[in-house]
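Chemist: Please model the entire structure based on the sequences and the hints provided.
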Amino acid sequence: TRENEFNLVHQAKLFTTEVERLNEVLAKADNYPDNFNTQADILREQLLTAENQLLCCEERCDELSYILESLRDEQKMLQRDYGRMPKEEETEKLRRQLERSCEEIRSETAKRCGEGRQLAQSLKDAQQTIQEEEKLVTITHVQLETLREEVSEASLLPLQYTKEADKLRKQKEEAEHLRDESTLEADQLKVEIETLEACRVQLDMESAKLG
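The working numbering puts the first residue of the sequence shown at 1, with every later residue one more than the last.
Derived from the structure by calculation, the hints contain no laboratory data.
Be a bit skeptical, because a hint or two may be false.
Distance condition first, Cα-Cα at most 30 Å in a straight line; then the derived DSS-like pairs of lysine-lysine [stated by the list, open to error]:
# : residue 1 : residue 2
1 : Lys190    : Lys111
2 : Lys209    : Lys111
3 : Lys135    : Lys190
4 : Lys170    : Lys135
5 : Lys209    : Lys190
6 : Lys209    : Lys93
7 : Lys135    : Lys172
FRET-style restraints, in silico, Cβ to Cβ [claimed, not checked]:
#  : residue 1 : residue 2 : range
8  : Asp81     : Asn52     : 25 to 33 Å
9  : Ser122    : Asp81     : 53 to 61 Å
10 : Glu185    : Arg95     : 53 to 61 Å
11 : Lys209    : Leu68     : 52 to 60 Å
12 : Lys124    : Glu103    : 25 to 33 Å
13 : Thr183    : Lys209    : 37 to 45 Å
14 : Gln75     : Glu103    : 41 to 49 Å
15 : Tyr66     : Leu14     : 18 to 26 Å
16 : Gln131    : Thr109    : 27 to 35 Å
17 : Arg95     : Glu197    : 39 to 47 Å
18 : Asp81     : Ile105    : 27 to 35 Å
19 : Glu88     : Thr109    : 26 to 34 Å
By construction, the Cβ of each residue, glycine as well, lies at the ideal position given by its N, Cα and C atoms.
Modeler: Below, the structure written as structure tokens:
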């Protein structure tokens, strides 16, 4: 840390001062008589120890400086990464947008389901109408066959029955016209049912995607 680095630098200065002091003492000791050589040796040993400690402190200072620089670089990267992170206001804004989107999807899904139910009911009603029209066509066809038989029988009667035959022919023509109209309506309803069925299938697919 910065405090450890400061302490090591301070110790290095103290060791440097101590080395200088020991050098001065050693220089003075060299001027002493020979019987003081023992004291000079002790001072030299202390000086060597102090120099070694100073070297260790300098190496440690260099190591801590490198670590400190690495930590500063890492701090800068962390600050940049933190700056890229969404702030609380942005996160809240994104959350509200997501909630609105989910609500819109739920509303759209409910709407599609309602439309699907309406189409299913319309399809059911159309099928029922077709069944009724088919029954009417069948009844009309039976009536037409009956009229044809009556016309055929009437054509064999004497001339006094000509008016009755004309009346029966007219009824037959009306019945044929009614049958043609019923058949046309039934065909149109079948087309509408096919269209409704296609819409229902498409709606089911869209609802599945939304779900």
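Chemist: For each hint, tell me whether it holds in the structure or not.
Modeler: So, going through the hints one by one against the coordinates:
1. Lys190 / Lys111: 27 Å, holds
2. Lys209 / Lys111: 14 Å, holds
3. Lys135 / Lys190: 15 Å, holds
4. Lys170 / Lys135: 23 Å, holds
5. Lys209 / Lys190: 29 Å, holds
6. Lys209 / Lys93: Since the Cα atoms of Lys209 and Lys93 sit roughly 26 Å apart, the hinted pair holds (cutoff 30 Å).
7. Lys135 / Lys172: 18 Å, holds
8. Asp81 / Asn52: 25 to 33 Å: 43 Å, violated
9. Ser122 / Asp81: 53 to 61 Å: The hint (53 to 61 Å, Cβ to Cβ) holds, given that Ser122 and Asp81 are roughly 58 Å apart.
10. Glu185 / Arg95: 53 to 61 Å: 56 Å, holds
11. Lys209 / Leu68: 52 to 60 Å: 57 Å, holds
12. Lys124 / Glu103: 25 to 33 Å: 32 Å, holds
13. Thr183 / Lys209: 37 to 45 Å: This hint holds: roughly 40 Å between Cβ atoms.
14. Gln75 / Glu103: 41 to 49 Å: Holds, at about 42 Å.
15. Tyr66 / Leu14: 18 to 26 Å: 23 Å, holds
16. Gln131 / Thr109: 27 to 35 Å: 33 Å, holds
17. Arg95 / Glu197: 39 to 47 Å: 42 Å, holds
18. Asp81 / Ile105: 27 to 35 Å: Taking Cβ atoms as reference, Asp81 and Ile105 lie about 33 Å apart, which means the hint holds.
19. Glu88 / Thr109: 26 to 34 Å: 31 Å, holds
This entry does not satisfy hint 8, going by the numbered hints stated previously; all others are met.
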